[in-house]
Amino acid sequence: MTDERSDHELLAAHVAGDPDAFGVLVARHRDRLWAVALRTMRNPEEAADALQEAYISAFRRAHTFRGDSQVTTWLHRVVVNACLDRIRRNKVRAADPLPEDPERAAELGVTDDTDVLEVKERRADVATALNQINADQRAALVLVDMEGYSVEEAATILGCAVGTIKSRCARGRAKLVPLLGHLRETVA
Amino acid sequence: MSNDAQHVSVDELADAAEDLLPPERAAAVQNHVGGCSSCAAVAAALVDVCEALADAPVPPMPDTVFTRLQAVVEAESERRASGAADNEDADARALTAKRTSVGSFGQNPAYGGKAVGDHDGEKLSQD
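Heads up: the sequence lines are chains A and B, in that order.
Using the working numbering, the first residue of the first sequence is number 1, and each one after it goes up by one.
Using the working numbering, the first residue of the second sequence is number 1, and each one after it goes up by one.
No lab work stands behind these hints: they were computed from the structure.
Where is the CB? At the ideal position from N, CA and C, for every residue including glycine.
Do not rely on the hints blindly, as some may be mistaken.
As the list claims (entries may be wrong) - Covered stretches of chain A, going by a simulated chain B footprint (3 or more residues, C-beta under 8 Å):
hint, stretch
1, 31 to 45
2, 166 to 176
Claimed, not checked - Label pairs and their in silico Cβ distance ranges:
hint, chain 1, residue 1, chain 2, residue 2, range
3, B, V58, A, D3, 17 to 25 Å
4, B, E24, A, N90, 18 to 26 Å
5, A, Q70, B, E74, 19 to 27 Å
6, B, V47, A, R89, 29 to 37 Å
7, A, N90, B, E74, 22 to 30 Å
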């Protein structure tokens, strides 16, 4: 699975007709793309469906990529947009926080590789808390606080102003305080 | 500290942390937080939230999802490749489609395949 070509080279090769380059590219970034989709959609099945739409969109629209940003930034943008489109389409359904479904999660292989109970609990807490804030704030927090993107990069990915990202992050964090406020006491 | 009216809301504390407040208000907030343990605790909780988000383990993509997405990409790749091939065959396919729509030969054996030359109609014409 190791391919020495850079992300830019792989995307260029894909546009030029290489049948395998796109597959190598998305396989290379599978976990990051999955993390963004899962955290934005909150539900593994929805995340997989959104990623499928995103991959098809990226595959067909690769020629629109302008080489002035990272390929991963562009891929994240396509994935986040697919997620947000999906959330808007499913708005009625998504308005109710999706219930955790441990059996389905197990089937999808979401159950983890670590058995440290504390990490599990923390993951569940963060996921549950993220379920309770709106999709735009969640998308901003996923990129900035969870994925480590700068607010400028997040603004590019989400297609909005830097100030908007800052504001969405701030208000999203404010909403998370009462939901995650107990972490310090229990963990420390 | 007994004067609750002067406490800063969590929204405003979060905005302050992102430099979103006008300068005078930012200074007032900073001043208040410096002397108010309860607001300082909320500000610390905001930092905790960032850390909790950053520390949340990255979930690996399940292999079932990976396999499914790989199949999607392969199908796209084949579709693209066959699309290019189909263009070369466009005239033949147009004829096939026309025959199919007319229905002269019932179910078209060439449907979806490339065996346009093996079509019954072609054989008949060669006789």
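Tested hints:
1. 31 to 45: With 7 residues closer than 8 Å to chain B, the stretch 31 to 45 of chain A meets the three-residue bar; holds.
2. 166 to 176: Coverage by chain B holds here, the residue count being 8 at a Cβ distance below 8 Å.
3. B/V58 to A/D3: 17 to 25 Å: 22 Å, holds
4. B/E24 to A/N90: 18 to 26 Å: 43 Å, violated
5. A/Q70 to B/E74: 19 to 27 Å: Taking Cβ atoms as reference, A/Q70 and B/E74 lie about 25 Å apart, which means the hint holds.
6. B/V47 to A/R89: 29 to 37 Å: Holds, since B/V47 and A/R89 (Cβ atoms, about 36 Å apart) stay within the stated range.
7. A/N90 to B/E74: 22 to 30 Å: 27 Å, holds
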